[in-house]
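Protein chains in written order, with the working numbering: chain A, 723 to 1016; chain B, 52 to 455.
In short, the hints are calculated from the structure, not lab data. Please note that the accuracy of each hint is not assured.
[To be verified] Taking lysine-lysine pairs in the DSBU-like style, the calculated list, with each CA pair at most 35 angstroms apart, reads:
(1) A:Lys869 - B:Lys418
(2) A:Lys869 - B:Lys246
(3) B:Lys320 - B:Lys250
(4) B:Lys419 - A:Lys869
(5) B:Lys320 - A:Lys785
(6) A:Lys869 - B:Lys320
(7) B:Lys320 - B:Lys131
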Amino acid sequence: MEIFGIPSQALFGQLLIGLINGSFYALLSLGLAVIFGLLNIINFSHGAQYMLGAFVAYLSLNKLGINYWVSLLLTPLLVGATGVLIEKTMLKRLYKLDHLYGLLLTFGLALIIQGVFRHEFGSSGMPYPSPEVFQGVFNLGFMFLPKYRAWVIVVSLVVCLSTWFVIERTKLGAYLRAATENPSLVQAFGINVPRMVTLTYGFGVALAAFAGVMAAPIYQVSPMMGADIIIVVFAVVVVGGMGSIMGAILTGFGLGLVEGLTKVFYPEASNTVIFVIMTIVLLLKPAGLFGTQK
Amino acid sequence: MKRNLISLAVAAACAFAGSAQAQISDGIVKIGVLNDMSGLYSDITGQGSVVAARMAVEDYIRASKSTLKVEIVGADHQNKPDVGSNVARQWYDTEKVDMIADVPTSSIGLAIAKISADKGKLHVNSGSATADLSGKACNANTIHWAYDTWMLANGTGKAIVKSGGDTWFFLTADYAFGHALERDTEAVVLKNGGKVVGKVRTPFPTQDFSSFLLQAQASKAKIIGLANAGGDTTNSIKQAFEFGITKGGQNLAGLLVFLPDVHSLSLEKAQGLMLTETFYWDLNEQTRAFTKRFAAANGGKYPSMVHAGVYSSVIHYLKAVDAAKTDDGTKVAAKMKELPTDDVLFGKGTVRADGRKIHPAYLFEVKKPSESKGPYDYYKLVSTIPANEAFRPLSESDCPLVKK
Chain A
723 MEIFGIPSQA LFGQLLIGLI NGSFYALLSL GLAVIFGLLN IINFSHGAQY
773 MLGAFVAYLS LNKLGINYWV SLLLTPLLVG ATGVLIEKTM LKRLYKLDHL
823 YGLLLTFGLA LIIQGVFRHE FGSSGMPYPS PEVFQGVFNL GFMFLPKYRA
873 WVIVVSLVVC LSTWFVIERT KLGAYLRAAT ENPSLVQAFG INVPRMVTLT
923 YGFGVALAAF AGVMAAPIYQ VSPMMGADII IVVFAVVVVG GMGSIMGAIL
973 TGFGLGLVEG LTKVFYPEAS NTVIFVIMTI VLLLKPAGLF GTQK
Chain B
52 MKRNLISLAV AAACAFAGSA QAQISDGIVK IGVLNDMSGL YSDITGQGSV
102 VAARMAVEDY IRASKSTLKV EIVGADHQNK PDVGSNVARQ WYDTEKVDMI
152 ADVPTSSIGL AIAKISADKG KLHVNSGSAT ADLSGKACNA NTIHWAYDTW
202 MLANGTGKAI VKSGGDTWFF LTADYAFGHA LERDTEAVVL KNGGKVVGKV
252 RTPFPTQDFS SFLLQAQASK AKIIGLANAG GDTTNSIKQA FEFGITKGGQ
302 NLAGLLVFLP DVHSLSLEKA QGLMLTETFY WDLNEQTRAF TKRFAAANGG
352 KYPSMVHAGV YSSVIHYLKA VDAAKTDDGT KVAAKMKELP TDDVLFGKGT
402 VRADGRKIHP AYLFEVKKPS ESKGPYDYYK LVSTIPANEA FRPLSESDCP
452 LVKK
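Working from the sequences, and respecting the hints, build out all of it.
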């Protein structure tokens, strides 16, 4: 059977691939959405923090012999801690100012971090092996699916949905959301709002680092890996609606699929299609697909 | 972003500089190294090319006792033709740069060649691959040094077709370089009795090649030809292994693979790849001695073919400036074609009328991990393609400068 001249089996394969790339978009845009939704900071260093995650995993494997599984837990904690430090020392001074200041600060940080790593490690990137359990492929009949990529989809779904659940459906999430609406009132109830905000930023950064560790075995661990993907991820967040958690998740996976299909039907446009969609969405629905106009 | 003109203005002036010669504009020969200092080609070119140019100036002046005053500047073109063209214009118009060296990314190389001709300056290109620089886009002010797509196709492409890889599917970087490499390789494949069953143009640069690799897999071609370079090549090779494409009986042909790419892939993934280069650090005593000095000045990283090209081309350029007693771009270009070339990295050679520098090329195979003695010990020499066969013969050239 053929769909638009492409055998349907090949098409399934491409859709699956799109879903895998969408997993990374979703994981990264989720962190951005959390940070923007709760701190009102446009975190431009998100890509650099994703890259940091991959590099910490790479370095801890090669210098300290720490394996993938431990890295998957430790790296987000470590990079998240640097996020806490950044929030404590720099970002918190900017909350009362325009969005632009936060954006510029985090953009500058990203350039510095990337520059330092490029200086140290060069641009070609380092190899990171996939963990042994996930080496090899599943034969799905219509395609070979590398086991590691299957793992990426599963983990990304679990992480995305649990984050959504915590923020939208638990008491902690309710505090967080309340604190963004009216911090002084929430503080009056005896909740330490500044600490909550700090930890939220740390969590967003940890998510980026987590995505970085997940990406390390697939892509080369290279200083520019974050710079390449962050622009796309911003488009995802804008399409989904700034600050909307579910919007970021659904749009991440959705745009991954659209991009995957474009790679089959008109490969030349595959790195622009997301921006075309972004333009159309902004024209028709300026707040994004799932965003609400404030 | 990253619009940093890295001003490296390091004057490599000679120890005993005499009075400046009258014919040298403003008394200084100024060489601009324009390349990718921050993106996916920065390990292949980048800062290493500045190091190589500086070494060339030192070595030339020491050996020839020349009284030239030479200055090297470097800039990042960010792989964007508009940025590269602006830097070149600024260099030529206001900063008195006489020659632009290196320039990877074929689209930018072609732009700089045109600007250099318009302004009567000189461009000696070592970084770009497109054979059009000495073909239909050639001009009297451009010399193409280290390698080109015709040479790569003729080396790697021919060897693979002859060893039975006769059906091809191309993954092609969607810009001037990829198109030229695909075109030249396709010609070689067809000429040697092979067949091209499909191709896909991938945006430049791309991180995830899995979708394109699946298309290549579905084509059932024996060979997947990678008409890309740098990070694109390493990512596509890595992901082809991940998807079990090589286990399924298809083979990859890395049409342009540099030593730093192999280094970054690791031998496990790169072993068995056939590739063509015109320089490898471990060719002979002289290349090893050069590499030792280069690595010391370049943070331990070994030179790529492009770095070697920059070194060799700057030496020949300075030799021509001294011989022509001027730094006028057009005159020096003519002198460079007139004088035979000779340096420690590429040996003796010539620059042809179409601006093509001629030297031997080498077909290498990447070693197995067990065969390698350590970092950078990566290549086995399969065969040497003599200088007169390595590059497109003048009789096939579509360069307007070639009289037929």
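Hints not upheld, ascending by number: As far as the earlier hints go, not one is violated by this structure.
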